[in-house]
Amino acid sequence: MGFKHLINSKKTLSLFAAFVLFGTNLMAQTPAQGDAATVDKGAMWTGIAYYVLLFLVAAVCVAIVGKILRVYDLTQKMQGKKGINWNGVMGICCAIFIVAGIYGAYWSLTVQGAMKLPESASAHGGSIDDMFTTTTILTLIVFVITQICLFGFAFVYRGSDKRKAHFLPHNNTIEKVWTIIPAIVLTILVVFGFFTWQRVENSSQQKGDINIDVTGHQFAWEIRYPGADGELGSLNFRLTTAANKLGVDFKDRHSFDDLSADTLVVPVDKSIRLNIHAQDVIHSVYMPHFRLQQNAVPGLPTFFKFVPTITTAKMRMITGNANFEYLLYCNKICGSGHWNMQKVVRVVSQAEYQDWITKQKPYLSDQLRKELHVADSKPANQVSASNRLAVNN
Amino acid sequence: MSTLAVHDHGVVHHEESHEHHHKATFLNTYVFSQDHKYIAKQFLVTGIIMAFIAMSLSILFRIQLAYPEKSFPFLTTLLGHFAPNGRISADFYMSLVTIHGTIMVFFVLTAGLSGTFANLLIPLQIGARDMASPFVNMLSYWFFLMASIVMLSSFFVQSGPASGGWTIYPPLSALPKSMPGSGMGMTLWLVSMVMFIASQLMGGINYISTVLNMRTKGMDLWKMPLTVWALFLTAVLGVLSFPVLVAGVVLLIFDRSAGTSFYLSDIVLNGSVQPYEGGSPILFQHLFWFLGHPEVYIVIMPAMGLSSEVLSVNSRKPIFGYHAMVYSLIGISVLSFIVWGHHMFVTGMNPFLGGVFMITTLIIAVPSAVKTFNWLATLWRGNIRFTPAMLFAIGMVSFFISGGLTGIFLGNAALDINLHDTYFVVAHFHLVMGSAAIFGMLAGVYHWFPKMFRRMMDERLGYLHFWLTFIGAYLVFFPMHFMGLEGVPRRYYAFTEFESMKHWLTVNVFITWSAIMAGIAQLAFAYNFIHSIFWGKKTVQNPWNSNTLEWTAPIEHHHGNWIGEIPTVYRWPYDYSKPGHDEDFIPQHIPFSQTMSSNLPHDFEDNPGGLAEHTKWTDAQKANEAVK
Ligand code: HEM
Ligand SMILES: [Cu+2]
Ligand SMILES: [Cu+2]
Numbered sequence: 236m237g238f239k240h241l242i243n244s245k246k247t248l249s250l251f252a253a254f255v256l257f258g259t260n261l262m263a264q265t266p267a268q269g270d271a272a273t274v275d276k277g278a279m280w281t282g283i284a285y286y287v288l289l290f291l292v293a294a295v296c297v298a299i300v301g302k303i304l305r306v307y308d309l310t311q312k313m314q315g316k317k318g319i320n321w322n323g324v325m326g327i328c329c330a331i332f333i334v335a336g337i338y339g340a341y342w343s344l345t346v347q348g349a350m351k352l353p354e355s356a357s358a359h360g361g362s363i364d365d366m367f368t369t370t371t372i373l374t375l376i377v378f379v380i381t382q383i384c385l386f387g388f389a390f391v392y393r394g395s396d397k398r399k400a401h402f403l404p405h406n407n408t409i410e411k412v413w414t415i416i417p418a419i420v421l422t423i424l425v426v427f428g429f430f431t432w433q434r435v436e437n438s439s440q441q442k443g444d445i446n447i448d449v450t451g452h453q454f455a456w457e458i459r460y461p462g463a464d465g466e467l468g469s470l471n472f473r474l475t476t477a478a479n480k481l482g483v484d485f486k487d488r489h490s491f492d493d494l495s496a497d498t499l500v501v502p503v504d505k506s507i508r509l510n511i512h513a514q515d516v517i518h519s520v521y522m523p524h525f526r527l528q529q530n531a532v533p534g535l536p537t538f539f540k541f542v543p544t545i546t547t548a549k550m551r552m553i554t555g556n557a558n559f560e561y562l563l564y565c566n567k568i569c570g571s572g573h574w575n576m577q578k579v580v581r582v583v584s585q586a587e588y589q590d591w592i593t594k595q596k597p598y599l600s601d602q603l604r605k606e607l608h609v610a611d612s613k614p615a616n617q618v619s620a621s622n623r624l625a626v627n628n
Numbered sequence: 140m141s142t143l144a145v146h147d148h149g150v151v152h153h154e155e156s157h158e159h160h161h162k163a164t165f166l167n168t169y170v171f172s173q174d175h176k177y178i179a180k181q182f183l184v185t186g187i188i189m190a191f192i193a194m195s196l197s198i199l200f201r202i203q204l205a206y207p208e209k210s211f212p213f214l215t216t217l218l219g220h221f222a223p224n225g226r227i228s229a230d231f232y233m234s235l236v237t238i239h240g241t242i243m244v245f246f247v248l249t250a251g252l253s254g255t256f257a258n259l260l261i262p263l264q265i266g267a268r269d270m271a272s273p274f275v276n277m278l279s280y281w282f283f284l285m286a287s288i289v290m291l292s293s294f295f296v297q298s299g300p301a302s303g304g305w306t307i308y309p310p311l312s313a314l315p316k317s318m319p320g321s322g323m324g325m326t327l328w329l330v331s332m333v334m335f336i337a338s339q340l341m342g343g344i345n346y347i348s349t350v351l352n353m354r355t356k357g358m359d360l361w362k363m364p365l366t367v368w369a370l371f372l373t374a375v376l377g378v379l380s381f382p383v384l385v386a387g388v389v390l391l392i393f394d395r396s397a398g399t400s401f402y403l404s405d406i407v408l409n410g411s412v413q414p415y416e417g418g419s420p421i422l423f424q425h426l427f428w429f430l431g432h433p434e435v436y437i438v439i440m441p442a443m444g445l446s447s448e449v450l451s452v453n454s455r456k457p458i459f460g461y462h463a464m465v466y467s468l469i470g471i472s473v474l475s476f477i478v479w480g481h482h483m484f485v486t487g488m489n490p491f492l493g494g495v496f497m498i499t500t501l502i503i504a505v506p507s508a509v510k511t512f513n514w515l516a517t518l519w520r521g522n523i524r525f526t527p528a529m530l531f532a533i534g535m536v537s538f539f540i541s542g543g544l545t546g547i548f549l550g551n552a553a554l555d556i557n558l559h560d561t562y563f564v565v566a567h568f569h570l571v572m573g574s575a576a577i578f579g580m581l582a583g584v585y586h587w588f589p590k591m592f593r594r595m596m597d598e599r600l601g602y603l604h605f606w607l608t609f610i611g612a613y614l615v616f617f618p619m620h621f622m623g624l625e626g627v628p629r630r631y632y633a634f635t636e637f638e639s640m641k642h643w644l645t646v647n648v649f650i651t652w653s654a655i656m657a658g659i660a661q662l663a664f665a666y667n668f669i670h671s672i673f674w675g676k677k678t679v680q681n682p683w684n685s686n687t688l689e690w691t692a693p694i695e696h697h698h699g700n701w702i703g704e705i706p707t708v709y710r711w712p713y714d715y716s717k718p719g720h721d722e723d724f725i726p727q728h729i730p731f732s733q734t735m736s737s738n739l740p741h742d743f744e745d746n747p748g749g750l751a752e753h754t755k756w757t758d759a760q761k762a763n764e765a766v767k
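Protein chains in written order, with this note's numbering: chain F, 236 to 628; chain Y, 140 to 767.
By construction, these hints were calculated from the structure, which means they are not laboratory data.
Beta carbons: idealized from backbone N, C-alpha and C, even for Gly.
One thing to keep in mind: the hints can contain errors.
Here are the simulated distance ranges between beta carbons [to be verified]:
no.	chain 1	residue 1	chain 2	residue 2	range
1	F	G282	Y	V170	49 to 55 Å
2	F	N437	Y	L351	46 to 52 Å
3	F	N406	Y	M735	22 to 28 Å
4	F	I372	Y	L351	58 to 64 Å
5	Y	V170	F	N406	33 to 39 Å
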């Protein structure tokens, strides 16, 4: 029986330990390819040895301190005194932690918090920012009070042999109070949040002044503007080819004057409807400066309607950054290029927008024309001439 | 019923001859053991190993985030073609975050946490000789181990492990050509997950039936410790929600290999038109989060239960508002099934539905708040004994507050528009799950170590471990909130291509070094854990002066837990520092007749006979006083 207990946990553990070590060794043996890496192997190993040594020194220090504490503890006890009062030490550590921690949180909030996004560049974003401020204030109050209580109580009521704890199994009044107060506060937040959310989303149900198609694929965004008719041609993914990248259906007469663009340029103070598509996997249109995000889901077209309120030029002044650009990035994991799927968004004045849109290329490129044999039915000059009307307002 | 009978039969044997009726061999004692205490240790050790592996993965991707342009030759030596020229490749970065998340959430905080403590504590705290079905319980561990091995084996696949994120949204995970990790690595992920869920179900059904059917005499539901309540409700959540994930996973397997289109429609991959039609990627998200949200409570509820127990024992005070604690656990469990949509606010789900999910989500914050306040009230006017377990439990509460409060931002659909999938989310779930739940688990390990290994862990190393980890975790995750507020998306391989993100590079370096420090602190734990198993100080039977039943079982482990009769339970588990009693604890098996001086009328609410006795006794006392 005794022998069995001896091998009981030790055997299994050492086996596990061996397994783990072996496992990491195996990992290390996967064929190394980088030639560059082999060159400075020596330097590499000394580097690693250095850190291992550093760690060992630290470990030895910890061990020595531990031994000193133990010896001190024992001598105290031998002299009939009490050993180290760890309850006291830990209580004081809690007190130090809460003071340092609140200061650290304050520092982080003011220094790193100051790096947050500039004011919202869209109409609906303002109400989101207001909600954010309200929520931040409320939660910060709760955060500070509860953390101070937690570590404060830990410090004040640190154990001692002289005292007995106060037997307090429950108190219905106070329990009701702290159920109802959070319930009320949360109800307020929910109600405001609900209406803000409805406002933001319901506005996107309406038809926008300008419809723009944003399509995500691995790993870029394609942008399509409507032409003179102000309507985008319909899509059919089966029609996708190298020249017809988005699968625009040219049976739809709205398709012929559509434009493709490199940059998402929008006029300020106009309501914009982004029609969001994905071709291969899920992506997400994320434009944080406009408080705008909507997933791009293959097979499920989505949209987001917003009104940009601050031009790029003005935002450059607000941020004090002459190179500032609004960006659209992908915010849903979509493969190895996920981290670099950006598109510049530019908010410009009405005049600049009209100027810009006339310079955009037709989606129906010459190559696509050849593919579709439509060269005769729609002369090229007619398309470019109609571009000027694309602003449609 | 039959299992009960078998066990009683076993008891008789124990008493008479102290020998098992089946022969104890090496295999059935140390490998294929059916003893819940041994299975608990198997879960714990496997869970800890998985945690160390997942932590190492996080250090690897943190190195990439902090030094995106530096070359580290040792990475090539270690990882081969996954890190050519001393830099982790973008594909392998994705694999690292995916496997890190999967292992931490499922293998460490679900199986490692529930598996260990449900196995250890349910039978011991309710007074049962073992689980309802020890054999199925054993299978549960072995399925878990197989799942772990299959998951890790994907590192040895040429194309690398799964890399679509731990949420494996299709079409990315369904189309093997969409990224290398969606090939063989994803197949292994899915196979591993199916085995894992089988393990969870076998474990969960066992925990539920044990709690419901095998409590000792006197142990009614309202006398159960909060640990058992939490583990029980966790098991219920798991049994109800994991099968939905199996359904989701099986359909995904069909889409991958049988050419079906459950989740796929209108797809053009790399310019080639795919034949899929009529499916919906959103369907998978619904199925995934129908499990996924209860899953986060599966992770946190055991930690809550363990912390409640540890806080009460070490404050030498009853847990404040025991009934409210139980009702809030029940409330959280029920509500957790109707909030999953808060993960999908911006997927294109109907905005009205988003609004509904936002309401249910913010309702769930109320029971969470109640729990927090009750923990604080438990500490108030306590006589706090700072064991390492106690510190970790306090840390758990601190993280739960910090992480829970950011949940109020994220649960608000309007705010979530801009916060979804940014580092703000990363900060949120690492505080509330990666930190709070891990701390609850560590509190449990330190507290019940003597029960598991019959020896004590070193307290001073525990203190060192606590402070380094606690401070480290805050340093790692607190700044991430602000990255999120500037709109920095998560799962980005490098911030170098974005001018606006470059000013976060120094913060990333800081976070990485904090993470490395916190990681090294875990070595103190590993050393303490292993060293104490073999050479730790021998424990006494009830080292923490605790009330619960597990400390009445002998130190030496017996198959059947108690030699002789199982103790009967007379009182709730939280009679600490009861006025009128000479000691500051009264274990659950002590009858009221032995503690006349400390009984309260409240103790006899549903026991008129006892109340009559009590009144008689107090009257007699009063009469005595009067005579004096
Ligand atoms: C050493 C401590 C840890 C560090 C430094 C760390 C760091 C990170 C970072 C930076 C990410 C985001 C990566 C990206 O966006 O590309 C992440 C993801 C994640 N971590 Fe941790 N983490 C740690 C511990 C934990 C723990 C204890 C858990 C347990 C729940 C956990 C669960 C997750 C999950 C679920 C994800 C999401 C994975 C994904 O979405 O792909 N982490 N971690
Ligand atoms: Cu993308
Ligand atoms: Cu959730």
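Review point. Which hint numbers doesn't this structure obey?
Key: Hints 1, 4, 5 are the ones this structure does not satisfy, whereas the remaining hints hold.
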